[in-house]
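Engineer: Place chain E on chain U using the hints.
This is what each chain is made of:
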Amino acid sequence: MSLYVIVCGAGKVGWNLARELIEKDHEVTVIESDRRRYLIVEQELEHSVQYGDATELWVLERAGIQRADLVVAVTGDDEDNLLICQVAKEKYLCDRIIARVNNPRNVDTFKLLGIQPAVSATDLILRLIEHEVPSYGLIHLLDLPEERLEIIELVVSDDAPAVGREVQELNMPEGSLVISVLRDHGGFVPKADTVIRAGDEVLVVLDPGLEADITAHFVANGRA
Amino acid sequence: MVVGAGRVGSSVATSALLAGHVVSVLDADPLSHERLDVELGRSWEENGGRFTIGTALERDALDEAGMAESDVCIVCTNGDNTNLVVAQIAQRRYDVPRVIVRVLDPRRAAWYREQGLHTICPTQIAIDQLTAAALAPAPPA
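Here the protein sequences line up with chains U and E, keeping their order.
Quick note on numbering: the first sequence equals residues 907 to 1130 in my numbering.
Quick note on numbering: the second sequence equals residues 2 to 142 in my numbering.
No false leads were mixed into what you were given.
Within a straight-line C-alpha distance of at most 25 angstroms, the following computed DMTMM-like cross-link-like pairs (lysine to aspartate or glutamate) qualify:
#1 U:LYS1017 - E:GLU59
#2 U:LYS1017 - E:GLU65
#3 U:LYS995 - U:ASP975
#4 U:LYS1017 - E:GLU70
#5 U:LYS995 - U:GLU1053
#6 U:LYS1017 - E:GLU115
#7 U:LYS995 - U:GLU1052
#8 U:LYS995 - E:GLU115
#9 U:LYS930 - U:GLU948
#10 U:LYS997 - E:ASP96
#11 U:LYS1017 - E:ASP96
#12 U:LYS1017 - U:ASP1049
#13 U:LYS1017 - E:ASP64
#14 U:LYS930 - U:GLU950
#15 U:LYS997 - E:GLU115
#16 U:LYS997 - U:ASP975
#17 U:LYS1017 - E:ASP61
#18 U:LYS930 - U:ASP1001
#19 U:LYS995 - E:ASP96
If you only want the chain U side, here are some residues facing chain E, beta carbon under 7 angstroms, derived:
#20 THR961
#21 LEU963
#22 GLU985
#23 ASP986
#24 LEU988
#25 LEU989
#26 LEU1018
#27 LEU1019
No lab work stands behind these hints: they were computed from the structure.
Beta carbons: idealized from backbone N, C-alpha and C, even for Gly.
The shape of chain U in the complex, shown without the other chains (with noise of 0.2 angstroms):
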């Protein structure tokens, strides 16, 4: 299926999303406020960036946001990506936004306003680190607030309740499942006579807000 994406700012982020977009055959228009950026970029991308502040709403409408099916804002200001997004989805009723939060201290703001996902760099990189760091007892890989779901991954440690039962003894509360288990640098998806050793790294998808109660399963004294 191809898209037509609006992306707003044509820094690195925007130009080189611009460019993977296009090769993957999804008609992209790029906005970019300062002109001698623009004249650079309109070398390579040639009709398919246009110079002109995305914050503008003749600007947003020149580019087409009426018939757009994504609006990815990518500039170095966070207000300027709130309000981009904001426009986009509440003026032109497009069904899909992206917000680049510069800021992460930002980051309450675009929730606040409803600016849902803002991805934030400084955020993405915490969590690699997380990820690279198992000590943390409890990562989240994966978050979907207005779809009320995530992924949780937890390394289980020796004393933990959960070692030595099968899946199908745990007792998780209602609204969770462990859909992988990781063990010995490969991964399964666990039946419910699937025996849980210390050391595996489960995944786990819950409801927010059972994460204390599936901690309490795989970690010794809960600790994560």
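Structural biologist: Frame of chain U, contents of chain E only:
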């Protein structure tokens, strides 16, 4: 509470202070504090005013300036985008009863007004007045 003390913000802040209200000003530039002093003829604080140096988007700055206690919040920094975001933060996070925001872009001022923000658009006022003046019937010769 006045966010952004340029020409407009500092005048509004001074008038409110002289009318006997408690006024807290937030601006990123210490120079705007000097402008307030000059307008009053003596120090802003001596007259009972509050001043916080900080960025309007930072939660810490808004907390320190006392956004949560304010009855009226006037947002008039020199950036439309900052103003529109800060005004919505004031409304939604701090439940400020009256939020007034300056927006120079007429189309967005109109749209955000429809969404329930009290926007003031100096550009639209200038357009209306200039148009009226230009198109006024010529006085009899």
